[in-house]
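Just so you know, the protein sequences line up as chains A and B, in that order. Under our numbering, think of the first position of the first sequence as 21, with each following residue one higher. Under our numbering, think of the first position of the second sequence as 1284, with each following residue one higher.
Check before you lean on any hint, since a few could be wrong.
[Stated by the list, open to error] In silico lysine-lysine, DSS-like type, Cα no more than 25 Å apart, as pairs:
# : chain 1 : residue 1 : chain 2 : residue 2
1 : B       : Lys1542   : B       : Lys1306
2 : B       : Lys1306   : B       : Lys1373
3 : B       : Lys1542   : B       : Lys1364
4 : B       : Lys1492   : B       : Lys1635
5 : B       : Lys1635   : A       : Lys77
6 : A       : Lys132    : B       : Lys1685
None of these hints come from the bench; they were simulated from the model.
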Amino acid sequence: MQPDTSAIPIDPCKHCGTDAPVDVHFCPRCDRILTLGRHGDYFTFFGLRRRLRVDLKDLEPRFRALSRLFHPDFFHNSSTTERLASLERSSYLNDAFRTLRDPLARLEYLLKLEGFTPKESRDASTMVPQGLLEEVFELNEELEAIQDMRAEGAPDEAIAERLDAARGPIEANLAGHERELDSLMAAHDERLEAGDAEGRHATLAELRTLLLERTYLTNLLATVRREMNGGEAARL
Amino acid sequence: MSKVVGIDLGTTNSLVAFVSAGKPEVIADESGGTLLPSIVSIDELDTVHVGREAQRRLLTDSARTVYSVKRFMGRGIEDVKDEERWFPFKVSGEAGGVVHIHLGDRELTPPELSGFILRELKRRAEAFFMKEGDFDPEVAAAVITVPAYFNDAQRTATRDAGRLAGLEVLRIINEPTAACLAYGLDKRREGIIAVYDLGGGTFDISILKVEEGVFQVLSTNGDTHLGGDDLDRILVEMVAGDLGLDPATQADAVQAVRKAVIQAKWDLSEFDEAHIDVADVPGRVEPYRRHITRSEFESLIAPVVARTLEPCRRALEDAGLDPGQVAEVVLVGGSTRIPMVRREVERLFGRKPHTDLNPDEVVAIGAAVQADILVSGRREMLLLDVTPLSLGIETMGGIVSKIILRNSTIPASGSEMFTTFVDSQTAVDIHILQGEREMAADNRSLGRFKLRGIPPMPAGLPRIQVRFQIDANGILSVSAHELRTGIEQAIEVKPSYGLTDEEVERMLIASFEHAEEDINARMLIELRNDAETIVAATEKTLRRPDFAEIAAALLTADEVAAIHAALADLKQAVSTDDRDAIQVKTTALNHATHHLAEVMMNWTVQAALAGRTADDVAAKGR
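Extracted from the complex, chain A is given alone in its bound form (with noise of 0.2 Å):
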């Protein structure tokens, strides 16, 4: 199936009026920069399918070479519709690759891509998932009875060692999730390959329901963290 293009906006050139298509960052007739408006994705910016995986080997010269033709440092002299594209260019440019080095934030864009952002974010990132929700109310009992024993004036060392404890199977757990999403991650980008449609939409489904499982998990033992600062503090 062909992509349909026609709903997207051709900016033509400000400078001849040529139409230039998608993500071609220099006009094809008169070769000055274009502004930005006509650019499809973090990926097409980059010439790059929608992959998963990606080589920072090959990432990051991409980066440079881009760099070397957007930045502001080379137009300096020209006129200020060609400073500003080679501005915003230069900034989407930067935007994309942060996004796009870090596999996390690349796999969170590419979920926001494809539709898969949740109604409401916020909601997203305080509701247990559910797969976690015995073990999130397990670790909630055990908190408050390290809370009951550091009140109790319970020995320093044991309650860092029940901390420890409790800490334990989060980090199994979580260590868990990055294996499964590295995996998933790599079935994605087969499918992607085979043009296996359908099934890459459900490992992205997946990956959305594990992706918010980590972060869940994350927050969990930055709250563990916190509790063993917060009985440093208290010692001192």
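Following the hints, position chain B against chain A.
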């Protein structure tokens, strides 16, 4: 084409450099020195002195002399309260506003004072190009360096200083990055480079990745209030304590102490011991002398040096690197000459830092290289810097919502959606902040602006997109539009610690007026000097015991009368400020004494030929 130079506007010293035929060089002044002390003094005649002359005046007229003005750039009075008492000049300002520095009856802002320094560097560069026989020696634009950890207000203040000096600031670049550019150019090395820059007033650490000519900053950290000045102050406080000096009333003496401790600090970088010598101490007969060993000095400064190490660790962490992954460490800034600093840096990074480049000049050279890139459009080298601090806006409850994160490569952009809270609300107030803290009050306020002209709609319906753009200078601009109607909003940003455009314009006009005054004052002084020289010479001749004899023999009575008249005229003119009169009367006396001078010359020559001195002749004649 007029020239574009690179300028290192430093806390202690400033420099200007230029790339000529592909080779960067630091421009020296007439006496061959490359460092311009960043000191400004304004005398009673309103004449502005910059550099060495101002430095001399620090000991004689400290209340009219300002140093380390960079520490005040983009800052408020509340930021400088702690150290204010050690400065000889007075500072004032409203809370949350620009600092004003008092020099005599003039009250100047830090950008104006920095502007004087920049103007002197511009003059120096133009004199250099003129001497080189360049047919267009004008310097109209510059690349100026700032500490990497400078916030938006401090960068904007630097740009304003450039404007006030009559320079178009083509680019503001970070000092450690500039140093790396100079270093990379020199050594042609690639890999991870850490630049440790401890200057007179600021500390920066930047971690860069250099590959294929692209100098990409991975992370930066620092403290814009940490440098050699702080080391000096520790020693000054110690000596002032010994002598019982009161900085409020004995500012000149404190400056003499400061000069002495700086000398001792320098000596201790070379030798194991030194003396702090203060020759003239008010209310003390014998000179002050104190012996200090390097280890004593090191235990005094250890807390300051330690404060530089934490930012280094954070920068490494932000770059996702271990110290072992750093291939080279480059030292910048005069304070890195201190052996203890070198030792601590070596220990942290586990390798010997490079010290082969002149730490005073390397930043100016990098700025010149960047200026050359901008002018030539050559693409072999490219600097990709980052914004040192996160940028955000205040949201409900005084919490900061970050829009652009620290260490983002610049240019960078970000946007945030706003809406209204009340039906038919047509304006929204937005508070812009910079920093890493959660609460708005703990971050630096950059400014407030009001979104106006929102079409009246029910509350919550307008969708106003505010876009933040950080340019390649690390300076922020803000734009906004309402998405439903597409209406572009008007934005007025009121800078918290900066000058508005109108204020800069006004100062620009005032500085032109003052420039005229300054030039007038200087010309008047020179004319008076000339006039006084000829008056003194003429009177000396007239006082000669043998003058009557000579006059009778060789001059007419009219000539003698004319000399007396011209002399009286000039003496009268010199007592006024009338430049033209002084000049005309000086010429008149010169003219009237022309024949007299010839006569006196002959008389002296004849006396010499007769084997006698002119004095003998005079004595005989008595």
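Against the structure, the hints come out as follows:
Among the hinted pairs, B/Lys1542 with B/Lys1306 is inconsistent with the structure: their alpha-carbon atoms are about 36 Å apart, more than 25 Å. At roughly 43 Å between alpha-carbon atoms, B/Lys1306 and B/Lys1373 are farther apart than 25 Å, so this suggested pair is violated. For the hint pairing B/Lys1542 with B/Lys1364, the CA-to-CA distance comes to about 23 Å; that is within 25 Å, so the pair holds. Straight-line distance between C-alpha atoms of B/Lys1492 and B/Lys1635 comes to about 19 Å, which keeps the hinted pair within the 25 Å bound.
Distance restraint check for B/Lys1635 and A/Lys77: the Cα-Cα separation of roughly 29 Å exceeds the 25 Å cut-off, and the hinted pair is therefore not satisfied. Between A/Lys132 and B/Lys1685, the direct Cα distance comes to roughly 20 Å. Compliance with the 25 Å bound is thereby established for this hinted pair.
Violated hints, in rising order: 1, 2, 5; the structure is consistent with all others.
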